[in-house]
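Read left to right, the sequence shown gives residues 194 to 639 (the numbering used here).
Check the hints yourself; a few may be wrong.
What the hints assert, rightly or not - Result set (BS3-like, lysine-lysine): computed pairs, CA atoms no more than 30 Å apart in a straight line:
hint, residue 1, residue 2
1, Lys636, Lys242
2, Lys570, Lys496
3, Lys262, Lys490
4, Lys295, Lys242
5, Lys242, Lys542
6, Lys262, Lys480
As the list claims (entries may be wrong) - The calculated label-pair distances, taken between Cβ atoms and stated as ranges, are:
hint, residue 1, residue 2, range
7, Glu546, Glu264, 19 to 25 Å
8, His613, Asp456, 47 to 53 Å
9, Glu455, Glu278, 39 to 45 Å
10, Lys624, Gly481, 29 to 35 Å
11, Gly266, Asn465, 31 to 37 Å
Hints were generated in silico from the structure; no laboratory data involved. Note that CB positions come from ideal geometry on N, CA and C, so glycine has one too.
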Amino acid sequence: MKRQIEPPPAALLSRRDAFRHCVYGGAGMLMLEPLQFLRSAAPEGGAAKSVIQIWLWGGPAHIDTFDPKPEAGRDYCGALNETLETNVSGIRIGQLLPQLAKQADKYSLIRSMTHGNNGHETAAYLVQTGRPSDREVFPCVGAVTSFFRGYDAGYQGLVPPYIVLTEPQGRFSEAGFLGPRFKPFATGGDPSASVFAVEGIVAPGVSEEQQKARRALMGELNTLGGALPGNATLKTVAASEEQAYEMILGDAGKLFDLRQEEDAMRDRYGRNTFGQSCLMARRLVEKGVPYITINYKGWDTHKQHFQLMNRKLPELDQGLAALLQDLSDRGLLESTIVWCTGEFGRTPKVATEPPWNGGRHHFGAVFSTLLAGGGFKGGQVVGASNATGEEVADRPVYPADMIASLYGQLGIPSEAQLPHPFGADAPVVPKAADGTPSAGILKELL
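Required output: the full structure, derived from the provided sequences and hints.
In structure tokens form, the structure reads like this:
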């Protein structure tokens, strides 16, 4: 990946750092005011208000998940040679996804995603930006959504507009040339732990009672407020401190406390990191957060693929199915896009030879994506791979097509411009005229 180009001014803190300094630095840290960037095309009306991106980092096997090929034989299917009928006639999915089979009316499958890139970083960049790696680093979908739907566009939440559960989803700069202000707030911690310790908000080893006592002591020691009434700087410091403690002790802090949920709901999602991350994502959507990524790692299965799938797929099945049903029950699915994908698929033919002994390798020629909510139709299949899942057989869908479709549902025009540091043309969706592969937006789902 080429060196990131940052726009001036360079001396900007990420919101994560701002929170950390507010919490631990007390009155010495001033919250940063949002910069006002000019937008050549403002967001228009769209069905979607939020996106939950489930990022299957490493690349899931399409043939074992959303595009099964039992008739291809054991050389391709290995031990997973059965399929499940879903609640939508004619749509079948992998045998380890029984809960998702009951939810097929809520989502659609794109079985002809393609870009042909087999490198983790470069393929991830392609899927997240729609662009191949080049001299510049463009922002990913989450950062662009934060730019158009975040603080500068009227978002009022104290919680940042772009959240990653629990760590950044790739080895590239998500914000690109937009700079650190538009990087995600990565929570760290583990949502399935007894206490979800969000980095920069929850101080390790410090109880709520101790935090309250510290705040009271700071108030007693602070004599400047009384000595300099009306001082603008001190007012800003006080507001900063109030925001910091709202994140620790107030309603904003309680947002990350999954103990607020009933045990039955937590069990429904699965008592594991992925399941509880899905539950946390639903809570963030309820608070109006525009973009949430769940970084679900562990899909790079060169070895012991089927052993790993027997563990990973039931987790994915339970957590994602619970999320779709919960969003639907709460009336949130229509306004929330759920986008589940990895950077590529995996080789349909099983690598049985040593040292792989039943593995699958990187495969960017064709892979699958699940898309739900936000105005997209459910119960549909777009595109097809061939009989062995090795080639696109019908209706290719490129990363730029997927991203343009997402932006359209968010009300972000494809021609909207990003603030390029050198004033160059920088539309949110790359243009086909510039050589970017495209077969058009997903009109089948609109």
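Restraint check for Lys295 with Lys242, where alpha carbons must lie at most 30 Å apart: 26 Å, holds
query: Would you say the C-beta atoms of Lys624 and Gly481 sit inside 29 to 35 Å of each other?
result: Between Lys624 and Gly481, where Cβ atoms are some 32 Å apart, the hint holds.
- prompt: Is the hinted pair Lys262 and Lys490 satisfied, with a Cα-Cα distance of at most 30 Å?
  reply: Holds. Lys262 to Lys490 sits at ~25 Å (cutoff 30 Å).
- prompt: Does the alpha-carbon distance linking Lys636 and Lys242 stay inside the 30 Å limit?
  reply: 20 Å, holds
- prompt: For the pair supplied as a hint, Lys570 and Lys496, is the alpha-carbon distance within the 30 Å limit?
  reply: 36 Å, violated
- prompt: So does Gly266 sit 31 to 37 Å from Asn465, Cβ to Cβ?
  reply: The hint (31 to 37 Å, Cβ to Cβ) holds, given that Gly266 and Asn465 are roughly 33 Å apart.
message: Checking one constraint from the list: CA of Lys262 to CA of Lys480, max 30 Å. Satisfied?
response: With Cα atoms ~41 Å apart, Lys262 and Lys480 exceed 30 Å; violated.
- request: Using the Cβ atoms, figure out if Glu455 sits within 39 to 45 Å of Glu278.
  value: 32 Å, violated
- prompt: Lying within 47 to 53 Å: is that true of the beta-carbon distance His613 to Asp456?
  reply: 50 Å, holds
- request: Could you say whether the range 19 to 25 Å given as a hint is met by the Cβ separation of Glu546 and Glu264?
  value: 24 Å, holds
message: Against the 30 Å threshold, does the CA-CA distance of Lys242 and Lys542 hold or violate the hint?
response: Given pair Lys242, Lys542 is violated - Cα atoms ~40 Å apart, limit 30 Å.
When each numbered hint is compared with the structure, violations occur for hints 2, 5, 6 and 9.
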